[in-house]
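Given chain A, put chain B in place with the hints provided.
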Amino acid sequence: MNPFPVDLLLLSLATPLAAALIIAFGVPRKLAMVVAGIGFSVPALVAIYLVGAFAGAPRYHDTGYAFFTSYDMGLASWGIKLTLGLNGISLGLFALAGIVGLAAGFYALQSGAERLKYYLLLLLVMQGGLMGVFASIDIFFFYFFHEFALIATFIMVGVWGGRDRNYAAMMMTIYLTLGAMLSLAGLIAIHIKSGAGTFDLIALRETVAAQPLSALVQKNTFGILMFGFGVLVSLFPLHSWAPLGYGAAPSSAAMLHAGVLKKFGLYGLIQIALPLIPAGAAHWSHILAILALGNVIVIGFVTIAQSDLKQMIGYSSVMHMGYAFLGIAAMSTLGAGGVVLLMIGHGLSVALLFLLATSIHHRTQTFDMTEMGGLAKHAPVLAALFVAATFASIGLPGFANFWGELAIFVALWGFSKWMTIAAVLGIIISAVYGLRAAARVFFGPRTAAFAKVAAERPPVDLRWSERAPALVLLLALFLIGLWPKLVTDPLNAQLTAQPVTAAANANVTTTAPAQAATAAATAQTNSTPAATPPVK
Amino acid sequence: MSLTPTTLALVTLLLPLASAVLIALFMRRAGMLAQIVSVAACVVYAAAALILAFGGHRAAAVNASLDWLSIGGFTLSLGIKFDDLAALMLAIVAVVGLCVHVFSIGYMRDDKARARYFGGLSIFMFSMTGIVLADNLFMMFIFWELVGFSSWLLINHYREKQSAADASKKAFIVNRIGDFGFLLGIIACYHVFGTTSLTAIATQVDAGAFVVACIPLALFCGAVGKSAQVPLQVWLPDAMEGPTPVSALIHAATMVAAGIYMLCRIEPLFAAAPAVALNVVMWIGVITALYAALCAITQSDIKKVLAYSTLSQLGYMVAAFGLGRIVEGKFLIVAGVGAAMFHLTTHAFFKALLFLGSGSVITGCHHEQDIFKMGGLRKKMPLTFVTFSIGVLAIIGMPFLSGFFSKDAILYLAMVKNMPAFVLLTLTAVLTAFYMVRMWKITFLGESRSEESSHAHESGASMLLPLIVLAVLSAGCVYMRPLIMPFLEVFLNVPAAHGADHIIILALSIAVMLIGATAALFLYKPVATDSLREKIPGVFTILTHLRETPDRVYNYYTGKIQQRFALFLNVLDRFFIGGLVVRGLAGLTGFLGLGARALHVGSMHAYVYWFLLGAVLVWAFASGFLH
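Going down the list, the protein sequences come from chains A and B. Going by this note's numbering, the first residue of the first sequence is number 1, and it counts up by one from there. Going by this note's numbering, the first residue of the second sequence is number 1001, and it counts up by one from there.
Incorrect hints may appear among the rest.
Not the full set, but computed from the structure, chain B residues with beta-carbon under 8 angstroms of chain A [stated by the list, open to error]:
#1 Gly1106
#2 Leu1146
#3 His1191
Rather than coming from a laboratory, the hints here were simulated on the basis of the structure. Glycine included, each C-beta is placed from N, C-alpha and C at the ideal position.
So that you can see chain A by itself, here it is in the shape it has in the complex (with noise of 0.2 angstroms):
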């Protein structure tokens, strides 16, 4: 079915990295800039392709995955390969990390960053890993990927940081290390308990499914992936790392990293812990979701304490992240389902805003709000690409982050009606520290610092370098703001095909009787509306 002669997705994996060692070899700067262009253009037009692809192409067995290639590299031995595919939770995040990585990359091209070229190159390796996580079926180099991607990301933070940048490299580098072992702990732990033999997740599925991992089993290694992954995603309270992180990395590596390579976490407790462990994600679920509304509520305020732009927005990502838990927490295909919509519209409204800041700093000299004000007059453009962004980020209708959230709410009620009031709060805190944001940069009159910094230096509109990224990012955000079911058809298909809770309510019912209701509720919340009788 593949018209092209080249398997896709490696070429989207491969063109980054193959980019960054060409850089790495030592062309010239023109050339270097031409070729990191062509590594972020190929993953996205890649990704763009493969989404209209997906509905007709052919599915590897029954397994829901479409694409499907393997490749030994030499690790056949461990059981491991280079598996290559997209399912209908993949696919999003793939175009997700397309998307971002154009934006992101044709950003930092215009940056006129020092040392470009090996910024450039860690960022073309930040790409390649990133496309490679999500379109990894085997565990191994979804996690392999993930540390390619991870370790750029340090280096970007500890050499191109701004200010603290030593201390906030450090600070990433000690959480996110610590993250990572542990969810390799867990992966591990999953590959040998299951007996299954290989990092396969296709083959490690129906392992599972003709001989569940015993409760015990499931209950620890859920245990060590949430932390694990927990850290990367930044639950509450091992966020710290984020906040400060974001607010010192160079723009192109906080859009990658809290646009696309944080969620790497949610995706692998979707796609991988919750089919293969769904009794431990049970039993984990009510601590989940309590530290998940610890997110909500406790870095909702302090995100409205924040003076600091771009540490503003470091902290709304973090807050963001407890509604993508308690998505997960819900335990039903359609939390699941708002997960991933969640983070992909997260994804494109945090890199845009993390986009903007860094434009607003070029403008202002400082990323310190109180010393902003009315650059509306001086930048409209900008002005309406922020509002549009913080509109979207607060989850406004039309805006892609609209349906994770409305999904998240909906399914959350089903699991617990205290715990979805809770969370809602959370639409008045974003508003709160949403608005006043925009109000604080963009309008009133100017603050008599940015009187000064615009004296000496006028502020102009938003250059069309600048804007192209900006306005990718933009428009996907409205095009599954205004055809969710671009995103939600695949889904939809590959949750109700294998749901991811199936066997989760199966297991709690047998297990813990007092978790029984919950299964009922969440029953409710799958049944078909029209066809359910009032209940009481």
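Relative to chain A, chain B alone:
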């Protein structure tokens, strides 16, 4: 494509959206062009909406449904429910919307950001139409949020003013507090009924489904925010920072009335729930009506008087809705819906008229808004004066003007159902006559009291024409049978007094109007100072405090409580959580001896090299090189 009713409905929904998108993409700097596109779109919109509303097409003829999102068993659809209630609301939005668009041509003539303004109007028309047509609560919520956004955009129009930036932010945030309850109510509805379709819920409720009081009350929170009821009323007076036509359209006639419209849409839920739900609604309405009327008395800004008056009238509608159903003759009528929607209709016309009239006054006086600096405008702006006077007479309940009938319907309903509410609403009516006549007299009578008002001039045709149209509708919409017949489903539910009751209500409302108006005529002189402050300073001070207290509480909460709590959590987060974990981890890694030193000295290169070395070793081992 033929003009089927469904097509017409889609035109009303999508045409304003198309206009907004065109303006946003291509006409940012072309104010004139944006204005033409937006007004033209609104003309076509109004034509389609009126054909739809008056053409007798209803639910059977107008239907379109589209699955927008479906995951698992959850499906969110877009659909149209076009009954008499929706048709009436659509007609109101179309008429007032068109008047405001035309008025804006004159009012915004010299504005540099006209394109943004007209784009905002278009996006508002789109969002509002969505609320009106929505056939399920999720869809209504989506458009509910979008009108909130349009409102934010338009209040923030003069965005270089700090007050405008603050007011728009406050409006959106306070509305979100209401939406918090609204969204939870919708989610609860979905889980209880398995659907949020308005028709399906009504069917289930009629079949005897039990409804707990908190579901309709949670949904009511949405109305408390959008219709600015106590305690979320704080945003509406501030919203007057927006351009005056926006205040007329969004903050008087349509968007703020959407809360009442939404309540009428979910009336079956209230009817099935315990009586406490409707009682809460009624008392919130009564308190808002009375409180806002008291606040209006000491206002000196012409737009803010009107804003408080809007609050008060919205309270009237909410109270009417809360009074619920009654048996009239042999029939059970949904009197709450009838009375509330009737008053919503007449109020939309006379309040839009008053706001646009004030807009005419404000441009006439070169952007002076303080009524004590006006005076003598009767001669300088005769047509504005006449139309404005009709608006004032309509709102104070001058017999045989439309406002008189709708107010009477509410008072009668209150008299039948709840005596304390009746007394308070009557008192509110006295106050309404009082503060409206006060404003009218100070603004238009006497002599000019400032440089600006002495140079006042009558406005141009584009501003006067909408005033005349609205004045005619305010005065006589109840007499025009063709305007009423298509919406019988709604108007048949308007309670009407008969016999002795009829005479009592008639006499009472005339007395009420006369007392209020006469008191104001005698107390106030068209001079530069507030007569109440000089004659009865004690009352003036109390009323001023009453008006300012909610804002003080709001400011105290945001500045002192919320901000300090946030800063406190910030400190905890940074120094306790951040410090604790990182020190704990550093200690742990040190204990385990896993390259802790490399981590501490800040050399990341070491880490990278170790990683690469490890990766190579693993690879080599697995590939068999090391065997």
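Against the structure, the hints:
The closest approach between the C-beta of Gly1106/B and any C-beta of chain A is roughly 25 angstroms, which is over the 8 angstroms cut-off, so the hint fails. Interface hint at Leu1146/B: satisfied, since its Cβ lies 6 angstroms from the closest Cβ of chain A, which is below the 8 angstroms cut-off. For His1191/B, the shortest C-beta to C-beta distance to chain A is roughly 5 angstroms, which falls under 8 angstroms, so the interface hint holds.
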